[in-house]
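Take the sequence shown: its position 138, counted from the start at 1, is 145 in this note's numbering, and no numbers get skipped.
The set of hints was computed from the structure by calculation and includes no laboratory data.
Do not take every clue at face value.
Stated by the list, open to error - Have a look at the derived ranges for each label pair, beta carbon to beta carbon:
no., residue 1, residue 2, range
1, G198, T243, 37 to 47 angstroms
2, S249, K159, 51 to 61 angstroms
3, S111, Y254, 28 to 38 angstroms
4, P274, K229, 47 to 57 angstroms
5, Q152, T276, 39 to 49 angstroms
6, K158, K125, 36 to 46 angstroms
Note that CB positions come from ideal geometry on N, CA and C, so glycine has one too.
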Amino acid sequence: MYFFRRVNDMQEAKDYVVIAVIALAAVLAGGLMLSAVSPAQKFSGVLVASGNASGGALASGAQSIVPWAVQPDKRLISVSGSATDTYQPDNAVVSLGVDTLDKSASASQQQNADLSSKVRGALKAVGVPDEDIKTTSYSLNEEFQWNDLAKKSESTGFRAVNIIEVKLTDLSLTGKVIDAAAASGANRVNGITFSLSREREAQARSELLAQAAADAKDKAAKIASGFGVGIASLYTASENYSYYPVYSAMNFAKDSAAGGIAAPSTPITPGDVRVTVDISAQFELQ
8 MYFFRRVNDM
18 QEAKDYVVIA
28 VIALAAVLAG
38 GLMLSAVSPA
48 QKFSGVLVAS
58 GNASGGALAS
68 GAQSIVPWAV
78 QPDKRLISVS
88 GSATDTYQPD
98 NAVVSLGVDT
108 LDKSASASQQ
118 QNADLSSKVR
128 GALKAVGVPD
138 EDIKTTSYSL
148 NEEFQWNDLA
158 KKSESTGFRA
168 VNIIEVKLTD
178 LSLTGKVIDA
188 AAASGANRVN
198 GITFSLSRER
208 EAQARSELLA
218 QAAADAKDKA
228 AKIASGFGVG
238 IASLYTASEN
248 YSYYPVYSAM
258 NFAKDSAAGG
268 IAAPSTPITP
278 GDVRVTVDIS
288 AQFELQ
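Kindly generate the complete structure, drawing on both the sequences and the hints.
Okay, structure coming up:
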């Protein structure tokens, strides 16, 4: 009995020794990790600046020091630069539609096909190339109307809708396209989108990138000078680009039974397209 108890006591003592060794190893490892962090890594930072210098310590536009542990040897200043301008569009997309309704699906479909062919012919007659006239959607659905007397929904016919997209590089044709389409059977004009061609957009972006970069560098130099230091070189930079085409929603439609749209010549004046480039940059301080 005494022998078994002695063995158990010895086993418990061994367990305590193992636990103590593991705890000591963990403490030593933590000490090594802490000693590997230099004072520069603990207290290095980046000067972040934006907006103006007015307001309290925590107001918008105030400067602050934020930890920077990735590059402890660098003294950096972070700024943003921006440039915005408007440009005259040189592309337009007109969205037209042919909407037909008939008691039978085949009749509605055939009527729509005939009118759509006339619309395409009229568009080509005013100077739109065939490859710039595309069908973007087509639908054929049965429509129903509630009958209060019969207490049920009854079919009113089948509606076919063909949406045609017309791309224009000559904006002077915009009004003529709408007039020609309406006269030949189109009874929907969903809207017009004005935009920049790829070449014009690339040129605008290049111009604004240079302006935004100069704006960021000028801000960095002025802020650094205010603290009695100068900027040495660019460290990092990133760009954000935004460009939104101008959409003009016309939204007029007329039932095909009325014979299409009877309207005078349509004057179209495109609005300017706004392009913005923002740059975020970091500069090393001298």
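For the range 36 to 46 angstroms, tell me whether the beta carbons of K158 and K125 fit it or not. Because 42 angstroms falls inside the window, the suggested range holds.
Range first: 28 to 38 angstroms. Now tell me if the beta carbons of S111 and Y254 are that far apart. This hint holds: roughly 37 angstroms between Cβ atoms.
Starting from the range 51 to 61 angstroms, see whether the pair S249 and K159 falls in it by beta-carbon distance. Holds, at about 52 angstroms.
When you take the CB atoms of P274 and K229, is the distance between them in 47 to 57 angstroms? holds, 48 angstroms
39 to 49 angstroms as the expected CB spacing between T276 and Q152, which holds or is violated: Since the Cβ atoms of Q152 and T276 sit about 40 angstroms apart, the hinted range of 39 to 49 angstroms holds.
Do the beta carbons of G198 and T243 sit within 37 to 47 angstroms of each other? Given a distance of about 42 angstroms, which is inside 37 to 47 angstroms, the answer is holds.
Going through the hint list in order, the structure satisfies each hint without exception.
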